[in-house]
Amino acid sequence: MSQEVIDQIAAYLTSNIPIVPISQGAEAVVFTTNVHPYEPINAKTSPNDQSTKTKYVIKYRPHKKYRHPSIDRALTKHRTLGESKILAKLSQLPGLHVPKLIATDVYNGCIWIEFLGEDLPDSFGFSNLKNYLWMHASDPYCDDVKKTLIKVGHQIGLLHWNDYCHGDLTTSNVVLHQDNGHWEPYLIDFGLGSTSTLVEDKGVDLYVLERAIISTHSRFAAKYNEWIMQGFRSVYEDEGKKGQQKMKDILKRFEEVRLRGRKRSMLG
Amino acid sequence: MVNLNQYPPKNGRNYYLALGLEGSANKLGVGIVKHPLLPKHADSDLSHHCEMEILSNVRDTYVTPPGEGFLPRDTARHHRNWAVRLVRLALKEAGISDPSELDTICFTKGPGMGAPLHSVVVMARTLSVMWDVPLVGVNHCVGHIEMGREITKAENPVVLYVSGGNTQVIAYSENCYRIFGETLDIAIGNCLDRFARTLRIPNEPSPGYNIEQLAYKCKNKDCLVELPYTVKGMDLSMSGILGYVDSLAKDLFNKNTKNKLLFDSQTGQQLVTVEDLCYSLQENLFAMLVEITERAMAHVNSNQVLIVGGVGCNVRLQEMMASMCRDRSNGQVHATDERFCIDNGVMIAQAGLLQFRMGNTINDLAETVVTQKFRTDEVYVAWRE
Numbered sequence: 001m002s003q004e005v006i007d008q009i010a011a012y013l014t015s016n017i018p019i020v021p022i023s024q025g026a027e028a029v030v031f032t033t034n035v036h037p038y039e040p041i042n043a044k045t046s047p048n049d050q051s052t053k054t055k056y057v058i059k060y061r062p063h064k065k066y067r068h069p070s071i072d073r074a075l076t077k078h079r080t081l082g083e084s085k086i087l088a089k090l091s092q093l094p095g096l097h098v099p100k101l102i103a104t105d106v107y108n109g110c111i112w113i114e115f116l117g118e119d120l121p122d123s124f125g126f127s128n129l130k131n132y133l134w135m136h137a138s139d140p141y142c143d144d145v146k147k148t149l150i151k152v153g154h155q156i157g158l159l160h161w162n163d164y165c166h167g168d169l170t171t172s173n174v175v176l177h178q179d180n181g182h183w184e185p186y187l188i189d190f191g192l193g194s195t196s197t198l199v200e201d202k203g204v205d206l207y208v209l210e211r212a213i214i215s216t217h218s219r220f221a222a223k224y225n226e227w228i229m230q231g232f233r234s235v236y237e238d239e240g241k242k243g244q245q246k247m248k249d250i251l252k253r254f255e256e257v258r259l260r261g262r263k264r265s266m267l268g
Numbered sequence: 001m002v003n004l005n006q007y008p009p010k011n012g013r014n015y016y017l018a019l020g021l022e023g024s025a026n027k028l029g030v031g032i033v034k035h036p037l038l039p040k041h042a043d044s045d046l047s048h049h050c051e052m053e054i055l056s057n058v059r060d061t062y063v064t065p066p067g068e069g070f071l072p073r074d075t076a077r078h079h080r081n082w083a084v085r086l087v088r089l090a091l092k093e094a095g096i097s098d099p100s101e102l103d104t105i106c107f108t109k110g111p112g113m114g115a116p117l118h119s120v121v122v123m124a125r126t127l128s129v130m131w132d133v134p135l136v137g138v139n140h141c142v143g144h145i146e147m148g149r150e151i152t153k154a155e156n157p158v159v160l161y162v163s164g165g166n167t168q169v170i171a172y173s174e175n176c177y178r179i180f181g182e183t184l185d186i187a188i189g190n191c192l193d194r195f196a197r198t199l200r201i202p203n204e205p206s207p208g209y210n211i212e213q214l215a216y217k218c219k220n221k222d223c224l225v226e227l228p229y230t231v232k233g234m235d236l237s238m239s240g241i242l243g244y245v246d247s248l249a250k251d252l253f254n255k256n257t258k259n260k261l262l263f264d265s266q267t268g269q270q271l272v273t274v275e276d277l278c279y280s281l282q283e284n285l286f287a288m289l290v291e292i293t294e295r296a297m298a299h300v301n302s303n304q305v306l307i308v309g310g311v312g313c314n315v316r317l318q319e320m321m322a323s324m325c326r327d328r329s330n331g332q333v334h335a336t337d338e339r340f341c342i343d344n345g346v347m348i349a350q351a352g353l354l355q356f357r358m359g360n361t362i363n364d365l366a367e368t369v370v371t372q373k374f375r376t377d378e379v380y381v382a383w384r385e
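These protein sequence lines map, in sequence, to chains L and W.
By UniProt numbering, the letter at position 107 of the first sequence is numbered 107, and the numbering carries on one by one without gaps.
By UniProt numbering, the letter at position 322 of the second sequence is numbered 322, and the numbering carries on one by one without gaps.
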């Protein structure tokens, strides 16, 4: 990671807010911090405070020197705002788990969100779905995995039923968070998210996830995908006749997308 | 293990000779290359390090008057008229007196415009029968990639292929050049060419080059004309941008003072010049290209970029790409100049000779059918690991 980017954000946040970099994508850099942006320090809101409760995530879109400053400003603002809006709206949907949005500064490209997940035992790394599935590779078809994957499918179903698309569903973009001893999946990174009523977008979403699972967990992919789709269908099946019809459309398009690949063929 | 030496050169020589014929668009190129037969190529992936020697690289471009594009029929006629002269010139420059010495003749199989492709393949078949030299059909995009790799020695780069007919971000994986992102409608070169047509600027030496020169003359670089920014994940779309910037240019020429972006609403004074439009268009389009390239690099964990294709000689694009790479650890940009960026025969000879050395030749003239649609990821890349 480029030191310059870290210096950029450190200068913006000042030394009062210590940050630890955790990952870098093409567009944004992600940090953790212990400081809440507006609550007073030391105010313990929850009595049984765990260490994760006081951690926050900062997603920062650094200034890109290659593009013209006015394009850069407009894009940073537009994308940060878009992601914040989607997060805020999704957190109001009943049953859907996404990290809570805490603060956003669209002009500086900064979003504060709730920190989720923990470190898995035996140094399997952070508790995203990818590491979780690798942790269970010795017993891939156990009940725990099945339950979790059905829940993941359920979350995606809820997202699509409410006409939102994620745009970049992979196993690293699902974080598992312990809740009363059960793993609850949370969808993260809505940088490419959108609202969409098109079956095409939903079909592509499902296809991208299927490909991601096949490429990272190829040996058990068939079963994993089956469980995810089981959870996905359950959302639509609960919605009566209308839900059944919508699901049929999406699954049909999913099948088509699978046959032609993510890209529409450029023939004709 | 890749063994590039399975098929030895003709007549027990210690080098290969290949002739490449390219004519998928308005350029007709003929190139002759030489690969030495080296023991190190017997058991390793050194396809980017063939120690290629260019014996000749000749090209003729069909240039149309300002405001006009090249039509398939006229382009094909141009290629037919020049094919014999260029092949003769190439052989003479290379100092080859007996053309049956050639190991292989390579031609562009696709993608491209139907009629021009066809006139070139007729030439290739004729030469093949006349001199008794086997043919190799080459994918045009793979030709660009292999040429770029050989010239720049980039081992495994993310490739940005930008030309008049194609806009793709490509990375190699498992014997296939996979397309990570591409245009959903028109290619970037097409977008620039068509804008040049609206502006009625000359097509000589190339429309994109003239737009680049106009953009340098822009005096008001701080104030950009706002254009749509249409990146969709790893893909992009350019037809909307072209339509919008075209309408701005037309308003400018017609002195449509109602357009408040171009003319001051009170005084009617002109606020934007043609140079400003060219500058803004370039900045906007190239920012999109660099962004999808950066996404692909993050996706495949690579830090090398190779820019190929006609638009790749644009210095501003190379600058922006270099700036993006500086912000990534150990980022490197590889680009070539107009001799190799713009369609040429050498690139077809280079990719074709690699195919030939892996034994991928055409035995029956019935297999030499050219196709307008031939995707980069349909080619089995046998010469890489």
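Just so you know, these hints were derived from the structure itself, not from any lab.
Please read these numbers as outputs of a predicted model, since none were measured by experiment.
All C-beta atoms, glycine included, are put in the ideal place defined by N, C-alpha and C.
Treat the hints with care, since some could be wrong.
[To be verified] Here are the simulated DSSO-like cross-link-like pairs (lysine-lysine), alpha carbons at most 30 Å apart as the crow flies:
id, chain 1, residue 1, chain 2, residue 2
1, L, K77, W, K219
2, L, K77, W, K232
3, W, K232, L, K89
4, L, K65, W, K373
[Said to hold, decoys possible] In silico negatives: residues of chain W with every beta carbon more than 10 Å from chain L:
id, residue
5, H48
6, P99
7, W131
8, L224
9, S247
10, D251
11, H299
12, M321
13, R328
14, S329
15, D337
16, L365
So, going through the hints one by one against the coordinates:
no.: 1; hint: L:K77 with W:K219; in the structure: holds, 27 Å
no.: 2; hint: L:K77 with W:K232; in the structure: holds, 17 Å
no.: 3; hint: W:K232 with L:K89; in the structure: holds, 22 Å
no.: 4; hint: L:K65 with W:K373; in the structure: violated, 37 Å
no.: 5; hint: H48; in the structure: holds, 25 Å
no.: 6; hint: P99; in the structure: holds, 37 Å
no.: 7; hint: W131; in the structure: holds, 36 Å
no.: 8; hint: L224; in the structure: violated, 5 Å
no.: 9; hint: S247; in the structure: holds, 20 Å
no.: 10; hint: D251; in the structure: holds, 21 Å
no.: 11; hint: H299; in the structure: violated, 8 Å
no.: 12; hint: M321; in the structure: violated, 7 Å
no.: 13; hint: R328; in the structure: violated, 7 Å
no.: 14; hint: S329; in the structure: violated, 7 Å
no.: 15; hint: D337; in the structure: holds, 21 Å
no.: 16; hint: L365; in the structure: holds, 26 Å
The earlier numbered hints that this structure contradicts are 4, 8, 11, 12, 13, 14.
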